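In the order they appear, the protein sequences are chains A and B. Going left to right, the first sequence walks through residues 4 to 275 as the numbering used here numbers them. Going left to right, the second sequence walks through residues 131 to 371 as the numbering used here numbers them.
No lab work stands behind these hints: they were computed from the structure. Warning: the hint list may mix true and false statements.
Unchecked claim - Label-pair ranges, simulated between beta-carbon atoms:
| hint | chain 1 | residue 1 | chain 2 | residue 2 | range |
| --- | --- | --- | --- | --- | --- |
| 1 | A | PRO70 | B | GLY339 | 32 to 38 Å |
| 2 | A | SER178 | B | ASN284 | 24 to 30 Å |
| 3 | A | PRO189 | B | LEU267 | 25 to 31 Å |
| 4 | A | GLY96 | B | ALA278 | 38 to 44 Å |
Said to hold, decoys possible - Listed next, the stretches of chain A that the computed footprint assigns to chain B, with coverage defined by at least 3 CB atoms under 8 Å from CB atoms of chain B:
| hint | segment |
| --- | --- |
| 5 | 16 to 25 |
| 6 | 105 to 111 |
| 7 | 137 to 150 |
| 8 | 201 to 213 |
Here the structure is a predicted model, which is why all the values come from computation and not from measurement. C-beta atoms are modelled at their ideal positions from N, C-alpha and C, and glycine is treated no differently.
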Amino acid sequence: MIVSRRPTLSLRFVALAYLALLLLLPVGVVFWRTFEHGVATAWSYVTTPAAISAFWLTVLLAVIAVPLNTIFGVGAAMVLARSKARGKSVLDGLIDLPFVVSPVIVGLALILVYGQGGWFADVFQNNGIQIIYAVPGMVIATVFVSLPFVVREVTPVLREVGDEQEEAAATLGASSWQTFWRVTLPTIRWGVAYGVVLTTARALGEIGAVLVVSSNVPGATLTLPLLLYQRDSQIGSQVTTSVYALATELAVLSIAVLLLMTLFGSRREEAR
Amino acid sequence: MLYMGVFVLIPLAAVVVKAFSSGLGTLWSSVDNTLAVRALVITLVASLLVAAIGAVMGTLVAWVLVRDSFPGKRFVNALIDLPFALPTIVAGLTLIALYGPDSPVGIHLAYTRGAVVVALLFVTLPFVVRSVQPVLLELDREVEEAAASLGASNATTFRRIVLPALRPAILSGAALAFARSIGEFGSLALIAGKVQIASLVIYADIENGSEQSAAALSAVLMLVALLMLFVLRRAGATVDR
Chain A
4 MIVSRRPTLS LRFVALAYLA LLLLLPVGVV FWRTFEHGVA TAWSYVTTPA AISAFWLTVL
64 LAVIAVPLNT IFGVGAAMVL ARSKARGKSV LDGLIDLPFV VSPVIVGLAL ILVYGQGGWF
124 ADVFQNNGIQ IIYAVPGMVI ATVFVSLPFV VREVTPVLRE VGDEQEEAAA TLGASSWQTF
184 WRVTLPTIRW GVAYGVVLTT ARALGEIGAV LVVSSNVPGA TLTLPLLLYQ RDSQIGSQVT
244 TSVYALATEL AVLSIAVLLL MTLFGSRREE AR
Chain B
131 MLYMGVFVLI PLAAVVVKAF SSGLGTLWSS VDNTLAVRAL VITLVASLLV AAIGAVMGTL
191 VAWVLVRDSF PGKRFVNALI DLPFALPTIV AGLTLIALYG PDSPVGIHLA YTRGAVVVAL
251 LFVTLPFVVR SVQPVLLELD REVEEAAASL GASNATTFRR IVLPALRPAI LSGAALAFAR
311 SIGEFGSLAL IAGKVQIASL VIYADIENGS EQSAAALSAV LMLVALLMLF VLRRAGATVD
371 R
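Looking at chain B on its own, in the form it has when it is part of the complex (with noise of 0.2 Å):
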């Protein structure tokens, strides 16, 4: 517990201190200038965007991993991990390589919002995959087999059986990611270019100073994460159930 408090909660009180060390009124006004709240927006929309994409291919990825077999299917379960092993800004770096000004294909993705989500996507891919892999495994196949016995296509089979059994863990996924999204840094940090992420403002705020105004938005993204640590643990308590 005293290590715990000495390297996270002491530190992360003094940004909620700080952020309202000056009242209400100061945190208020200091979030609600145009610049903080259009990243805030930015970077809750690129997040959901994120999490539902990152939801339906995850599930996707995880099916082929599942039930599919073809040559060098450990190679790709292996590959899953990776933006967990890459460094981050190794992350962006490879996509701006890709799909930067001198792209070998001639995608001029960087430096957008596009580029945004695509960065957010390979660094939350493993989330959705790894949650929903194991469930899938277990998953009785006998009673996906008597649904189809009873005439059920394979559209309702996967509606009415499947995908009720996979909810909790999709969810859990995608929230996982979407909490890191809202807070990443490091992949987006050369792609982002002038597309103002949250986490970028904050940066440029403590670089510039403005310690005030960092803590202050600091705060409100700490609030929406903690949310969906909420969230995530109800719908992990849903699992185990």
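Same shape as in the complex, but just chain A (with noise of 0.2 Å):
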């Protein structure tokens, strides 16, 4: 199709109109409301005692989930992409549930099974453990949420490249561990690294599942995002600097896994 320049030019232009007042307008004035006050002002919004226990507990909750889905992620997409077991399928679509499910309804799952009065809350209540309006209950939410990352990123890639590399590792005489470190995973290593960047950009600012399961005690269950929605459903419609402070904070954390996903992502697309 041979566009001529005029359409094209006010093709861009609508493109770029609309991204502009949908993205880059609206983050820009979160940071330039942030820095209104001063550079000092902001800092010390995001170093009260609270911000920074959120901080901690937000790396915290990530550094959990992370590892966990992505050796889950691994393994699973292993099985999608090279074993022909039966219900292999089943897996398959059972993997994209945490997609489509809101992650209220994960908040509620949760709840329902480990909170009180739920199916497993004899099991740890009688232990003295208690997971639900606490950080275990966080961490599960978290690993739910963000669970298919890793398996979408590096199943599509396990397929593509086949098992023809592997098996001449095994005729070799290779162990199936010594195949899958020195010849599936040096091929995947793109593929898992975007995924995980995925995972962790989730893990940081999932709020709706979070939320349903944190007791909303400052310094204790509160994540940043968990925070700034604590903070802003009290002052009402009236947001105050140490709101934009903090989702200014979020939001430099994220531009840094967005920097990685364009790293990453378009290693990825080279290796194919």
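Two chains, two frames, a set of hints: combine them into the complex.
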């Protein structure tokens, strides 16, 4: 299709204007509002005890959920791409569930299973372990919502490269463990990396599921997104600089993630 | 499978069991109260609208990113992933900052249905763009040139040649955006205000301790989402072929 100069320019203008209005301007305004009263003011808001503990809890959730989902994700991708086991298509369908189930429903589900009067409540309560309204529940919620990313990134790569190299390694006497570490993992590494970055982004930013199972106590079970939500819903319509400062802190974290995404994404494309 | 079971399947089963725990009659009556029905209708209408606008604008953006070239294109391309990277609560807040009560441009959209649609467009932007882009890259331009040389106008070429090739990708991207929209919570939590969105109603129910009606509404939402997932896999199957 040969589009002449003027329609091309107007299409470009429409696309860029849409992106600017939807993405760039709103994010820009948050940055502007954050530093409206100077960098020092903004910094003092993100270094309050509540903000610092929320930061570390957010990091903790990601640090637990990401490795778990990476190991599961690579394993599940191997099953989906390589094994001929029955029930494979069932697993394939179920993996996407966390993407289509509302995060709030995830939280509700966890309460019904692990909460007061829940299915497994007795098991944990007798041992004095509290899951709901405590950190373990928030970890489970985070694992749930960020589960599919690694599987979905790695499976197509594994399918595409085929298993000839793995078979060659096996005929040369490599154990399956050696084959995995020396042949399979290097070929899928950019896919894994991209999946890990997506998982991290989701784990850092999750609110719906975590909100439902958190007790909303600052310093104990508030992550950064939750602290932000609590601050803003308290104040009502008046959004203050402290809220904007927290938002900017989260935005900076996620822009770092975005840079990694761009980097790994292009490496992944090249590797194909 | 065990991992999936512990983290995903058992909890979701609990919701369904809870929804049906007092029989079908109670399930229906808790869905059938006006608030729940209105929330469902608003959510579905907003999601359909978002899927439709997202499909058109997403295809347009993908087109510009693939066929056009201009300085800063790589930056714009990276920008598309921003909604995936940005925590949804921040996404909601950014829209309040620009279109809210103390908006620097004087547009007061926050706490209305319009704001809900804009927030959903924000968080679902990458779906259509990222599913159309690779298909458009692979598309054989010679066919388009042949159509043009046979006297087809650009509009005809697009409608008869390009669109059919892109349709599966557009549909699967829009379906993903729709599925995401009906369950979206984070970006709407701050901006929806008094607009009753299904996920916000479920959250309010949980907070009030009425787990029964929360579970009932959840079961209906999950059913819609699962239908979408099914449609999606069918659309995906046509892409592979």
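* To do: Using the Cβ atoms, figure out if PRO189 of chain A sits within 25 to 31 Å of LEU267 of chain B.
  => holds, 26 Å
* Asked: Can the suggested window of 24 to 30 Å be confirmed for the beta-carbon pair SER178 of chain A and ASN284 of chain B?
  -> violated, 59 Å
* Test coverage of the segment 201 to 213 of chain A by chain B using CB-CB distances below 8 Å; three residues minimum. => holds (count 7)
* To do: Check the following: the C-beta atoms of GLY96 of chain A and ALA278 of chain B are separated by a distance inside 38 to 44 Å.
  => The hinted range 38 to 44 Å holds for GLY96 of chain A and ALA278 of chain B, with Cβ atoms some 42 Å apart.
* To do: State whether the coverage of the segment 105 to 111 of chain A by chain B holds or is violated, taking the criterion as 3 or more residues with Cβ-Cβ distances under 8 Å.
  => Held - the segment 105 to 111 of chain A has 7 residues with a Cβ nearer than 8 Å to chain B, which meets the minimum of three.
* Apply the coverage criterion to the segment 16 to 25 of chain A and chain B: a residue qualifies when its Cβ sits closer than 8 Å to a Cβ of the chain, and three qualifying residues are needed. => holds (count 6)
* **Hint check for GLY339 of chain B and PRO70 of chain A - Cβ pair distance inside 32 to 38 Å** => holds, 35 Å
* **Residues of the segment 137 to 150 of chain A with Cβ under 8 Å from chain B, three needed, outcome** => Holds, because 4 residues of the segment 137 to 150 of chain A bring their Cβ atoms closer than 8 Å to Cβ atoms of chain B.
Hint 2 from the earlier list is the only one contradicted by this structure; the remaining hints agree with it.
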